[in-house]
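Here the working numbering is used: position 166 in the sequence shown is 166, and no number is missing along the way.
Derived by calculation from the structure, the hints in this document are not laboratory data.
There's no promise every hint is true.
As the list claims (entries may be wrong) - Calculated cross-link-like contacts (lysine to aspartate or glutamate; reagent style DMTMM-like; alpha-carbon spacing at most 25 Å): (1) Lys173 to Glu161; (2) Lys180 to Glu169; (3) Lys120 to Glu137; (4) Lys171 to Asp184; (5) Lys173 to Asp184; (6) Lys115 to Glu161; (7) Lys194 to Asp184; (8) Lys120 to Asp106; (9) Lys194 to Glu169; (10) Lys176 to Glu161; (11) Lys171 to Glu161; (12) Lys194 to Glu161; (13) Lys115 to Glu137; (14) Lys180 to Glu161.
Said to hold, decoys possible - Label pairs and their computed distance ranges (CB to CB): (15) Glu137 to Glu169: 34 to 42 Å; (16) Glu161 to Asn117: 28 to 36 Å; (17) Lys115 to Ala162: 20 to 28 Å.
Treat the numbers as computed from the prediction; the structure is a model and nothing was measured.
We put the CB at the ideal spot given by N, CA and C, even for glycine.
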Amino acid sequence: MVVAKVERCPSISPLSQDRFRATVTSLIELVRTHEPPRAIRLLCRFLVAQNYSQETVAVNFGLQPEIVARAIDVSRQKDHNEWEALVSQFNTPLGRRAQIAEFLSDFLKNNPGEKINLAKYAPAFGISNARMHQLYESIAQSHPVPPKFTRGQHLRDASWEARVARIREVKSKHPKWTHKQVADHLGVTRSQVKWTLRNGAPNSQS
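Please model the complete structure; the sequences and the hints are all you need to start from.
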């Protein structure tokens, strides 16, 4: 669900092109992950408000035209001020914080134990590295997966113990095998084999 082409429209004047794209992207993510019916209504209404036809919205986002029409009709029954507030939130610190929080939460969920280079992403969100770190620590504290590790600190659950046992068992049976051979045999990474044999702890990256 990606917009094939975003052209300049006179009605976009309150939003820069970058912010317009960011708003569309954010609404797409809402469609995918949060309250799909409401998010689709908001997405459709936003794009139509920017002079996109219902047909264009349907094609670009893989939605049925009748769904787009119904979504727009329903959304127009909502308070206009509520809609304006929703659009404007993506241009405020609160809106950026919500976007960053969602991004970091997804990163923690999909990359358990992996360190994140916050300095790489902070400029993209228009905030300082220090602020990015504050948000990261805040989100990580409530996340079920520990956010970062130093050497030797890893997730010690049943899966972790089983991986250690498998790696050590294969290496003991085939002492001349390289780390890569052990990794290929077990379907893990060479780094996991290396750190297990060196420190007794597999690299946390999967």
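Against the structure, the hints come out as follows:
no. : hint                         : in the structure
1   : Lys173 to Glu161             : 18 Å, holds
2   : Lys180 to Glu169             : 15 Å, holds
3   : Lys120 to Glu137             : 16 Å, holds
4   : Lys171 to Asp184             : 12 Å, holds
5   : Lys173 to Asp184             : 15 Å, holds
6   : Lys115 to Glu161             : 21 Å, holds
7   : Lys194 to Asp184             : 13 Å, holds
8   : Lys120 to Asp106             : 16 Å, holds
9   : Lys194 to Glu169             : 14 Å, holds
10  : Lys176 to Glu161             : 23 Å, holds
11  : Lys171 to Glu161             : 16 Å, holds
12  : Lys194 to Glu161             : 16 Å, holds
13  : Lys115 to Glu137             : 12 Å, holds
14  : Lys180 to Glu161             : 20 Å, holds
15  : Glu137 to Glu169: 34 to 42 Å : 38 Å, holds
16  : Glu161 to Asn117: 28 to 36 Å : 30 Å, holds
17  : Lys115 to Ala162: 20 to 28 Å : 24 Å, holds
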